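Undergrad: This is what each chain is made of:
Number of protein chains: 2
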Amino acid sequence: MSEARPPIPVLAVVGVGLIGGSYAAALRRAGHVGRVLGVGRNAKSLTRAYELGLIDDSATAAEAAAQADLVMLAAPVGAMAQVLAEMRPHLKPGAVVTDAGSTKAEVVQAARAALGERIACFVPGHPIAGAERVGPDAADAELYAGRNVILTPLAENDPRDVARVRASWEACGARVHEMDVASHDRVLGSVSHMPHFLASVYVAQVARSEDAAERLALAGSGFRDFTRIAAGSTEMWRDIFLSNRDAMMAELAALRAVLDSAEQALDRRDGAALEALLEEAALCRRGWKLGGTK
Amino acid sequence: MSEARPPIPVLAVVGVGLIGGSYAAALRRAGHVGRVLGVGRNAKSLTRAYELGLIDDSATAAEAAAQADLVMLAAPVGAMAQVLAEMRPHLKPGAVVTDAGSTKAEVVQAARAALGERIACFVPGHPIAGAERVGPDAADAELYAGRNVILTPLAENDPRDVARVRASWEACGARVHEMDVASHDRVLGSVSHMPHFLASVYVAQVARSEDAAERLALAGSGFRDFTRIAAGSTEMWRDIFLSNRDAMMAELAALRAVLDSAEQALDRRDGAALEALLEEAALCRRGWKLGGTK
Chain A
1 MSEARPPIPV LAVVGVGLIG GSYAAALRRA GHVGRVLGVG RNAKSLTRAY ELGLIDDSAT
61 AAEAAAQADL VMLAAPVGAM AQVLAEMRPH LKPGAVVTDA GSTKAEVVQA ARAALGERIA
121 CFVPGHPIAG AERVGPDAAD AELYAGRNVI LTPLAENDPR DVARVRASWE ACGARVHEMD
181 VASHDRVLGS VSHMPHFLAS VYVAQVARSE DAAERLALAG SGFRDFTRIA AGSTEMWRDI
241 FLSNRDAMMA ELAALRAVLD SAEQALDRRD GAALEALLEE AALCRRGWKL GGTK
Chain B
1 MSEARPPIPV LAVVGVGLIG GSYAAALRRA GHVGRVLGVG RNAKSLTRAY ELGLIDDSAT
61 AAEAAAQADL VMLAAPVGAM AQVLAEMRPH LKPGAVVTDA GSTKAEVVQA ARAALGERIA
121 CFVPGHPIAG AERVGPDAAD AELYAGRNVI LTPLAENDPR DVARVRASWE ACGARVHEMD
181 VASHDRVLGS VSHMPHFLAS VYVAQVARSE DAAERLALAG SGFRDFTRIA AGSTEMWRDI
241 FLSNRDAMMA ELAALRAVLD SAEQALDRRD GAALEALLEE AALCRRGWKL GGTK
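So the sequence lines, in the order shown, correspond to chains A and B. 1 is the number of the first residue of the first sequence in UniProt numbering; add one for each residue after it. 1 is the number of the first residue of the second sequence in UniProt numbering; add one for each residue after it.
Everything labelled a hint here was simulated from the structure, so no lab data went into it. Just so you know, not all the hints are guaranteed correct.
One copy or any two copies: either way a pair holds, since identical chains are not told apart in the list.
[Unchecked claim] Below, a list of computed lysine to aspartate or glutamate pairs in the DMTMM-like style, where the Cα atoms sit at most 20 Å apart:
hint : residue 1 : residue 2
1    : K289      : E279
2    : K92       : D260
3    : K44       : D56
4    : K92       : E63
5    : K289      : D211
6    : K92       : D69
7    : K92       : D158
8    : K289      : E214
Just so it is clear, the structure is predicted and the values come from calculations on it, not from any experiment.
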């Protein structure tokens, strides 16, 4: 009994891929967890996660709920409702559930429906740490080091539960921000989802042109960087766009207003107006840094 | 008299910065030029180009025209008409004039106005080799190695003159393509100018939002790459957009059609239509490579 009890004696991770596996690996390395249970539909992934030492055992959602002090939902947003419904009758008193979904309004709605009066135990979260790789082999204890994680606490949450989730992310080396659900979805809709949407629209337009082959053969480094994100997972981004539809529609309306004025300036050959717009964008972008301070 | 006469005994470069200086450096290294004359308004740049060995001497436009076998116009598009007008009465018989402007229709129009019946000596060109750096110090004999150069020959051109310009770019290590002026401006409008325009419009929209600071603080690597080009030279891009206005307006109309359908799919929560668009873009982008074959 000489060893200190870790902050999270039993962690359950639903979805042991890049996001969930990296969370488990980072917490284990920090000595922040005792036992780690993996939950998932894919037996191969669970076996691989065990081989890699990411989890100590696999479990059903009900078994994991009965043992876990903290549950991390790192499954697709569409699968969360069912997992939560399976867990609900078995959750330990005092257990905290959090998630890693890219949008928050829809996840919170699903959690409220699935958890009912137990919604207070759910602290929504979103680590901003994309990577092209997927699966347990991509898991990396360093993934969250220096990255931003956003928590969107609910009115029902006990501040101590929010603090436990925050402490877990800080143990992973992340910087934790708190904001309300609507702000999260608006901000991420703007700086994450919109670039993907616009890059995909643009590439589709190039691909549909009659001389697409000639265009693509002569595209340079500007095209390369502007369109990199259009190569991403189409299913994942379809789901993100759908789950953040309302915020995206508002951003698209705001974008169209700027696009309209820029196009009108070009149409009437208004060099001063064009330069003012370009200057505004250039000043903003030149002053920006990845991982800037809050 | 034992040494072979180089293909270009006297080269005149108007504008001895990155583009013109690199052309001179590459041709000199390849033994493709004899003497190199630098022309420009900026005495400091000319002195520096001389110190760096990019040019053998500086000259006025008239002096350079009287001596040069090939003239490279690497000055801003807006300055070309005046230089050509100054050169016209002095151009040697058989001399060839080419340029490195980012758009071609406007340059050709200016050249026709300035050169009159001597237009046949003008072979329009465009090396696709952007770089953030400017000035003679940025000049690099390797800049064009493996890069694409587009020539847009005129009906009046002697094929031997086109071949001389082509040979000079090939001596720089570039891959030379030929297309008509309208195709060039359409293709470059699509894969070079449009990404800059859209990235700038997008960044301006983010910058104008009330919570811009919060958005920028949480922007990640997708934002970084999508917006990199929005930090570029505002004067240069203003001029490119204006000089390629007609092609840009056509591309913007085509883009709006795709944007409209994508936005409508999102609005009616049509996951299948969204995924089809994302898939079309992802397949195109995944199959693309920088410097792909023609």
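Undergrad: Work down the list of hints and note, for each, if the structure agrees.
TA: So, going through the hints one by one against the coordinates:
| no. | hint | in the structure |
| --- | --- | --- |
| 1 | K289 - E279 | within (18 Å within a copy, 31 Å between copies) |
| 2 | K92 - D260 | neither (55 Å within a copy, 49 Å between copies) |
| 3 | K44 - D56 | within (15 Å within a copy, 69 Å between copies) |
| 4 | K92 - E63 | within (11 Å within a copy, 90 Å between copies) |
| 5 | K289 - D211 | between (37 Å within a copy, 17 Å between copies) |
| 6 | K92 - D69 | within (7 Å within a copy, 87 Å between copies) |
| 7 | K92 - D158 | within (16 Å within a copy, 86 Å between copies) |
| 8 | K289 - E214 | between (35 Å within a copy, 13 Å between copies) |
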